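Peer 1: I would like the entire structure built from these sequences, with the hints used as guidance.
Protein chains in written order, with the numbering used here: chain A, 1 to 339; chain B, 340 to 678; chain C, 679 to 1017; chain D, 1018 to 1356.
These are calculated hints, taken from the structure and not from any lab test. Keep in mind that this is a model prediction, so the values were computed, not measured. The beta carbon of each residue, even a glycine, is placed where N, CA and C say it ideally should be. Careful: at least some of the hints might be erroneous.
[What the hints assert, rightly or not] To give an idea of the interface, some chain A residues facing chain D are shown, with a C-beta separation under 8 Å as derived from the structure:
#: 1; residue: Met1
#: 2; residue: Ala7
#: 3; residue: Ala52
#: 4; residue: Ile221
#: 5; residue: Val251
#: 6; residue: Val254
#: 7; residue: Arg258
#: 8; residue: Ala274
#: 9; residue: Gly275
#: 10; residue: Ala276
#: 11; residue: Ala279
#: 12; residue: Asp332
#: 13; residue: Arg333
#: 14; residue: Leu335
#: 15; residue: Gly339
There are 4 protein chains.
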Amino acid sequence: MPEELLAEASDDAFVAAMVTAEVALSRAQGHELQVAGTFDAREIMREGRAVANPAEPLVRRLRELDRRAHEGATSQDIVDTALMLVARRSRELILEYADAVAAGCAALADEHRSTVMAARTLLQQAVPTTFGLKAAGWLAGVAEARARLAAVELAAQLGGAVGTLAAYGDRGPDVLRRYAAELGLAEPALPWHTNRVRVADLVDALALVAGACGKIALDVILLAQTEVAEVRPPAGGSTAMAHKRNPALAVVAVAAARRLTGRIGLLDEHERAAGAWQAEWPVVADALAFAGAAAAATRDTLAGLEVDPERMRGNMTPDLARYPPAGDTFVDRALERYG
Amino acid sequence: MPEELLAEASDDAFVAAMVTAEVALSRAQGHELQVAGTFDAREIMREGRAVANPAEPLVRRLRELDRRAHEGATSQDIVDTALMLVARRSRELILEYADAVAAGCAALADEHRSTVMAARTLLQQAVPTTFGLKAAGWLAGVAEARARLAAVELAAQLGGAVGTLAAYGDRGPDVLRRYAAELGLAEPALPWHTNRVRVADLVDALALVAGACGKIALDVILLAQTEVAEVRPPAGGSTAMAHKRNPALAVVAVAAARRLTGRIGLLDEHERAAGAWQAEWPVVADALAFAGAAAAATRDTLAGLEVDPERMRGNMTPDLARYPPAGDTFVDRALERYG
Amino acid sequence: MPEELLAEASDDAFVAAMVTAEVALSRAQGHELQVAGTFDAREIMREGRAVANPAEPLVRRLRELDRRAHEGATSQDIVDTALMLVARRSRELILEYADAVAAGCAALADEHRSTVMAARTLLQQAVPTTFGLKAAGWLAGVAEARARLAAVELAAQLGGAVGTLAAYGDRGPDVLRRYAAELGLAEPALPWHTNRVRVADLVDALALVAGACGKIALDVILLAQTEVAEVRPPAGGSTAMAHKRNPALAVVAVAAARRLTGRIGLLDEHERAAGAWQAEWPVVADALAFAGAAAAATRDTLAGLEVDPERMRGNMTPDLARYPPAGDTFVDRALERYG
Amino acid sequence: MPEELLAEASDDAFVAAMVTAEVALSRAQGHELQVAGTFDAREIMREGRAVANPAEPLVRRLRELDRRAHEGATSQDIVDTALMLVARRSRELILEYADAVAAGCAALADEHRSTVMAARTLLQQAVPTTFGLKAAGWLAGVAEARARLAAVELAAQLGGAVGTLAAYGDRGPDVLRRYAAELGLAEPALPWHTNRVRVADLVDALALVAGACGKIALDVILLAQTEVAEVRPPAGGSTAMAHKRNPALAVVAVAAARRLTGRIGLLDEHERAAGAWQAEWPVVADALAFAGAAAAATRDTLAGLEVDPERMRGNMTPDLARYPPAGDTFVDRALERYG
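Peer 2: Structure follows, in structure tokens:
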């Protein structure tokens, strides 16, 4: 798992994002919260776990610094906005990793458009294909998943106690607009405290990225089997056997993709859920971490991949010679659409 | 569960969709498969289960009618395309239900923009809101989910044995284009037999619709509690107690939303998965059925909903009088954006 | 999926089980419900879906035959008891399949205790093992899973409207005892209408059986790869390629194991859930069907498996010769404990 | 989430458990690994993530101290055994919490055996019950789940590179026996490196505990609703509204129960999985954390629960007076069986 991504989803980063949201809130109301020094993020998160609310211990501290802190807001506003800020920075990293995966696939597709190999269905040799076309298929998957992730709208959340912003009187919509602008997040038509569609959408898109990368890594592991040996991925050490070349990075990618199975439930009661909302954060944090891990490990797998065209040709059984070869039209189309 | 939707996802409908795909394939190659009479769908599906391949028994029968049937195609082409055809018709129905839900929410939002009630967080009365704003929040959720579902691209699948279309020689891309056009499905840049992103995307979007509707139904159930009694949803019978008004339709919606938890895994090996692909169809079929059930039951719940503004006002505790009332700016914004 | 198992979980079987429960209930009260003829199971289930309650339409019909039908009971009593009856018969079949899988593993373990082959970790050849030890590991998994499934207690459910059995006055516990005895199900200490632990336990145990069988099938698929070819599983037809031997049965088993991912949620509100209970039945039905499918297909895979000891020996790379061979102590221990 | 439980599942605790396993391994072979000082757990886990193997960086360090360290073992032996050691200590804590929950339920069941209240099905008042019987139902659920968790066998894992223990020659079974005895873990019949039934069983049992506790917490939240007010759970602060009593602990329990949805997949390839095994640890760690959080928060919720029998009686609608009251036979039976 990339350390830079873990850092973005750490307790420190989350508490910093909550502070950013509170400062933006104060500016949106025309004054500026002065936050000197930093807070002990672990302590704040520890206290927050006890009341299912990580904003509460922070707000208590901020109000000691400035009694106008958090004015008109509710804890969920700050937590949801911090989640969007964390997701934004993490998403940037994940999109970079996915772009590198796509570039790796595109390079392989182009280079190996004429490298003949056995296509395998149900893990049996079927008819000939090319390694280029195989890589073109990988490219399509990761590019489509990446596009879905890039399209998810990350929006500021500000609704006050129950989503009316009534504490601001008529200024409510104006405060919301300024708050979103300060943060560089989208301004929602109305507070989304119990409309969790965008959170679910984010997790779903991250699962697509993880899955599309995991598929590539799984194919690499299968092609790297001792008996197949058509590719050699970068290897990690074995504690027991000196001769072994474990496809460790590809395994990291597959493991991460397999882990990303949770869904956001959406069934939040009334104006704040009694349990469903509080169960969201670990799902989102896992999704960011696992999608990032899958994408980064797949990027590194492709970057260090050695391809053996001789072996690909040699592995084909005589049966396959009776079938026509694959052309490269679909490689061209994939490079044009997704490259 | 709407019977019309069950019919769309029945064995009969699925076999008919496979036949449609085979006929389109023959036309795309310039001849026309003549299919006289019908097939026993249950028998075909029964035989198909035994080999994890519902196309195989159909193709055997078609080849007895016309030896050119299925030429150049593989079973997965037909099954995937049939899945897209079934999904298309089912999606039309589900979008209709979701539109009716959105219309019901919009009407309530407009009518009750000034109907004051207690907002509840963690199921405790918090501060005042309006029933109109609550309905506006429902509207936002279902409209966003509906838009996601409508945007999923349904594409024809044709790749031949392993996705090269090599059996058609240079004509491959042309056959694919005609095949997609015959079916009225999108033409993919390249065969997507092991790129399952669009299938996952479909299931994810269906889960959003089910969840957004389930959230509405859950709120209705909570507002209809004996001790709250602010709304009266349409009731279903109880076998044990004559006086009870079970919110049966809303319960159907919540149950359907809770059921839709599966994900499409994406980790398909090489050019056809050994298990992952074969596990997809029940997930998609469930997702279509449960999203449809949630949407239709929520539509009917809203259509028969009686709202009691007196009770809403009367239920508010004295504490709430100290808080400012909710305006209707966000109701207007919701109606403008999503109405 | 075995047709005999599908029949046990069909609408017909479920309605018949509900009738059995109602008859047992009448006998437990000292009279006997006379049910002449049969009911249209599809119609009853269709009506039941509309009110999230399959017992309601049946009870209506039974009361036309005998006004004392269903006396003192609630719909959930009948549905839960029918679920237990369906599970009992299905479990018998699944245990039979699992026994056959275990017997197949034991036979392979014994026969191939000295058949040397490469062990593979992360799909790379590691050091030598024997095919007998591999089969012994399969045996341990399936035997442990089978034991868990056999140990799940299937109990009668009778609680009346809300679990008090108050309609029977002091006779309540006595009626419960007789009812359970009539049905041959365990008598619970108290009604379990909102204590779904035993339902969750059943689904969990079925997932273990499916998973343990799926692991065997996955290993078979991997060993049967064209380039490995150490075993030949029974083959199913391909629609596109005459030369291919698809490991169709093993794929059925893996697909079934992958599908069985749902959990029973347990969060049932008060004395009957508003959605959670109603979402259970499809999960249980799926679990029975998929566990049965995985076990039956694995049984048939092992029954038709051809093992190639020559190829196993020949596939080993020279590196492996430096490592000591595997003994057969653990084979003996596995056969003794689980055989 | 209880801090003592988080500590048991921390990186520090996991690395310490791996060291414990390595020391036990050395003793089982008749010498003793001398581990002076401690290791930087974060650094070891960081390095481990990069190769999907947390034992590898530890073993490298240990071998610098003693070249015989890890002799005959593989990384998975150490990781799996450490997992069992962590699970053992965490389970002790969780069983304590569950016992306290059961004791709280039993006390309420006994004290309130005659406290009449409305039973609610589908969140509608149905007929009368007693709060004692309701608590007796909670008791049954948590006691059954607790018994399942206590029954899970935690076993040592030692198989060497591929599960043959061949590196020890004939001494293999003897080393395994001593190793298990040193650790106080069960001795398995054979290495279980790719038979993950016991890991899945552990996670399933933890989910039962979380769910059974979450059901109690959910009922408390519903009974504590402003309009119902039949119980007052311990309250946590609100950042926005001074008058609110948020049922914060009960919400923690429900959130934790909702989070625990993952399953262990069992489909591990050959003698070590390429992804499935590596995806297990976060699922187990989550399951321990969330089950513990649900149980501890439910314990504290019950410990501070104020019950209002007057309000319970007063909330009942006149319809309920026509139904017979609940007896306390089932309360007695529950206390006898589970108390």
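Peer 1: Would you mind marking each hint as holding or not holding in the structure?
Peer 2: How the hints compare with the structure:
no., hint, verdict
1, Met1, "5 Å, holds"
2, Ala7, "11 Å, violated"
3, Ala52, "5 Å, holds"
4, Ile221, "5 Å, holds"
5, Val251, "5 Å, holds"
6, Val254, "3 Å, holds"
7, Arg258, "4 Å, holds"
8, Ala274, "5 Å, holds"
9, Gly275, "3 Å, holds"
10, Ala276, "6 Å, holds"
11, Ala279, "4 Å, holds"
12, Asp332, "33 Å, violated"
13, Arg333, "31 Å, violated"
14, Leu335, "29 Å, violated"
15, Gly339, "28 Å, violated"
Comparing the model with each numbered hint stated earlier shows that hints 2, 12, 13, 14 and 15 do not hold.
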